[in-house]
Amino acid sequence: MRVAGPPPETRHQGTEKKHNSNFRNHDEARLIHSARHNNKLPNRAMETKMTFIKKTLASSVALAVTAVMATAAQAEISDGEIRIGYLADMSGTYRDLAGPGGLEALRMAVEDFGGSVNGAPIQVFSADDRNSADVGANTVREWIDTRNVDMVAGLVASSVTIAVTRVLEENNSFGIVSASAASSITNEHCTPNHIHWVYDTYPLANGTAQAVVQQGGDTWFMLTADYAFGHALESDVTRVVEENGGQIVGGVRHPFPTDDFSSYILQAQGSGAKIIGLANAGADTVNAINTASQFGVVEAGQQLAGLLVFLNDVHAMGLDATQGLLLTTGWYWDMDDEAREWAERYYERVGRMPTMVQAGIYSSTYHYLQAVEATGSDDPATVREHMMRQPIHDFFARNGRLREDGRMVHDMYLARVKSPEESTHEWDLYEILTTIPAEEAYRPLSESQCKLVQN
Amino acid sequence: MTMIFGVPLAVFMGQLLLGLINGAFYALLSLGLAVIFGLLKIVNFAHGAMYMLGAFATLLGMRYLGINYWAALLLAPLFVGLLGMLIERVLLRRIGHLDHLYGLLLTFGLALIFEGTLVNFFGVSGARYPTPEALQGGYQTGFMFLPKYRAWVLLAALVVCFATWYIIERTRLGAYLRAGTENPALMQAFGVNVPLLVTLTYGFGVALAAFAGVLAAPLYPVSPTMGSNLLIVVFAVVVIGGMGSILGAIVTGLAMGLIEGLTKVYYPEAANTVIFLVMILVLLLRPAGLFGKEA
Amino acid sequence: MATTQTMTPSMKRERRANLRRTAFYLGLIAIGLVAPFFAYPVFLMKVLCFALFACAFNLLLGYAGLLSFGHAAFLATGGYVTGYLLASYPALTPELGILIGTVAALVLGAAFGALSIRRQGIYFAMVTLALAQLMFFFYIQAPFTGGEDGLHGVPRGHLFGVISLRSNLAMYYFVFAIFLFGFALIQRAVHSPFGQVLKAIRENEPRAVSLGYNVDAYKLVAFILSAGLAGLAGSTKTVVFQLASLTDAHWHMSGEVILMTLLGGVGTLFGPVVGAGLVVSLQHLLAQSPLGNWVGPILGVIFVICVLSFRSGIVGEALKMYRKNFK
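Protein chains in written order, with the working numbering: chain A, 1 to 455; chain B, 456 to 750; chain C, 751 to 1077.
Quick caveat, the hints were computed from the structure, so don't treat them as lab data.
A couple of the hints might just be wrong.
Claimed, not checked - Covered by chain B, per the in silico footprint, the following chain C stretches (three or more residues, Cβ under 8 Å): (1) 864 to 874; (2) 914 to 920; (3) 1034 to 1047.
Said to hold, decoys possible - Just the calculated beta-carbon pair ranges, DEER-fashion: (4) C/I913 - B/L553: 43 to 51 Å; (5) C/L849 - A/Q454: 38 to 46 Å; (6) C/Y839 - A/R239: 32 to 40 Å.
As the list claims (entries may be wrong) - Partial list, derived from the structure: chain C residues whose beta carbon lies under 7 Å from chain A: (7) G897; (8) G900; (9) H902; (10) P905; (11) T997.
Quick reminder that beta carbons are idealized off the backbone N, C-alpha and C, glycines included.
Using the sequences and the accompanying hints, generate a full structural model.
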């Protein structure tokens, strides 16, 4: 049985100490200043010299003591270990976009980093959140209470993430969200204790919807999953379509999850819209696309726009059903040499090509460890602040930076699914059409409702 | 274009037809349940799992044994039926003398075992089963594109439903069955092997569920939890129809498919729930269900 | 009662039995008081909440003989009402929030009970299931619940405005007190004249009717009491975890409480507690291990074995053995 961990109060003490050491720095600066100042007094040179030496000595001692204390308080890795907890759907409908593969990517990052930070070993553990907000939140709460977790990684279903980030904020822990989609995670649900790395619904809508409308798809029928994520995606897409001169001619909200899309596809066909927008994810999207092919939707002249489609979905459905599908992605394994090199290493380990989420887990974990090493601390505010000051440019993110709302913005890509004839091997699935620059893709800070943003 | 409550006539007709097809499917599923409850007084909570096993048998049969769809239509229900007979003989018979509650709980436990075990091997995301070639494509009716496969489902379900009803209500075998479960001692005295009849009936009931599973394989993703989602809907159908009434299950299944189809047009969020509203209303007005007899 | 000063042997035996029982209860309470120092308090609180839920369910099944397949509705109602009020009105203290949530569950219990009591056996179970499904749908659609996202940010608050419940230890003792209250209430109800009539109804309803008892009224009261206590469990759980979600309203939750009760022993006072403890522990132990996905099948196997051979559940079988060997 686990022993009850230290009450949350202890964690806050650590933060307070840090504040005090800041003051010490100011005192020490003043001491140096006054020492230098005293040096400039004209008369009583000997006395001045003595005073000077005394003062320098005093300030040196003070400086040394302060430095030691500052290092001790600020550059402190709690319990001498970095503990990373990986929370994701390991067995359910979102298993393949992050899941066990994401855990491997995380382990790769830890191993490539050397397995330890400034002498403190890195411990990795994981749990299955079963896409349930209470299981996720309770697991993280337990990790905080009994295992002193420093960073929570993974985080797939948006509902799990929103619940977990509450727990993280209350207990001053830290989380890096890699798989969730809802843009509200860095908007109304932002906290100082988590950041959002790979993508969100805003660039998905921006990228795909805009491109489709500009290609001529100006009448849309929205097929939306009836829950918060679906509604958010639907509203983002509606805005983009209308801004680009298109029109939403109809829509239907289906229960989440739904197995039988026949009735909804029929409604979409009846609407006469050129584009059927799928504001859903995972199994719902797959079912909708499969049902659409049963009803000859594409043959009859309508086009499907998948607003949240991952590499593993396309692979599972096959190119026959998905060819020509337009989608927005944060990364593709074959997009350039750097990406390919890492992807091949991952493939050797896992046996499947990585999704953008799995690549993002590696990238975010690695950057986190770098920040811990540079600051010598695992305190969330310190690490986050350091990560915000670094440009993020690796095999995963191009032109990336971490904003004050916790959103990591980086270049996004509009892709089209290849036809079976164009594809040369099993994982040759996408053709990258254009790049959407980082600063254009994501919600601008001026529109942000995040409490951390000065607006 | 004529509109019915804001929906074009063509779409409305299309939804009705789809609803009818779904209804035939529900009818087929509830039929097995009604047979098992009506004749054996067992509340078979494993029915959803049996349906799922039928779909899985079809999928795996094709993957590993090269059994095609048409053979699976016969073999999968046979396989699941045998499994059902085994379950009845080994497990259900032991508690036959007890309160019906225990039958419910035992079959509930069995469902947990089957579904949970398969989740471990196949995950929760469904696998695709391709539509058989002869049934690909569709018909352009005046108001909608009707996939051939769905027309086939409607036909097959109705045929099997009617055949089952006929066997039970109109043949001698059915008469033995009905008598044997109403008064086993007497039938036994007449030389009818009642326990065997019970075992066969349970097997037949779950075979019907498996047959529905085979029909479902090309339509819905084949996943271990596909049955559990449908289970409570099917129970609702049987209860509304009147537990134990074969005709009740068939008629209610079809009606529910239609009602659900219309709900999907006008208030789709409630599509999964409307059947329960109907159940409460029916039970308030006709406590034994539409075709049921007061217990 | 005897008016003489001396006690007959049977009275002495009864007195000894009473003393034994009192010592037993005191011992359990003592264990409960020190438990949080040996085990993770949040885990213990989860066990207590589910134990209360199972005890509430058992009141209806074990003592009134009614199998409800929709008890999750009451758990969720208590949880959501309490969660919403505490999250929206910071001035509201947790004990009041829990009280209001429980009252909401009581009201719902009265409404559902009135509709379903008229039915019997499997029909009763199906009606309760249908009503619970309607509530499930309501909770998905209602904006205040947060739907799939769940209802977050429920503060632990200050008990009576004074004692902070932020620490797990303080919260534990509060939950323990609530559990003791609920358990005591059930114990008193079962051993009261009301409980005796319920037992009579369960054993032979037509005879109870012929004796002149308003059977429906008794069943309804049992239903409402059961619903209220289930709501209490849900409300408390929401404050512990600071979250209310659709999991609490799903019919799987109704199935789980049946499992806990059957496993522990239907119709015994401690059975549901033992059953809840076992199921929650099993889920917890297996969840973070590679066996995590086998929880379902393992519970299923236990279920099947219980129905076949150990119908009285763990506590029931233990009591049988005790009576056989020690009486």
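Hints, one by one, checked against the model:
no. : hint                        : in the structure
1   : 864 to 874                  : holds (count 7)
2   : 914 to 920                  : violated (count 0)
3   : 1034 to 1047                : holds (count 5)
4   : C/I913 - B/L553: 43 to 51 Å : 50 Å, holds
5   : C/L849 - A/Q454: 38 to 46 Å : 42 Å, holds
6   : C/Y839 - A/R239: 32 to 40 Å : 34 Å, holds
7   : G897                        : 5 Å, holds
8   : G900                        : 4 Å, holds
9   : H902                        : 5 Å, holds
10  : P905                        : 10 Å, violated
11  : T997                        : 6 Å, holds
The structure does not agree with the numbered hints 2 and 10 stated previously, though it agrees with the rest.
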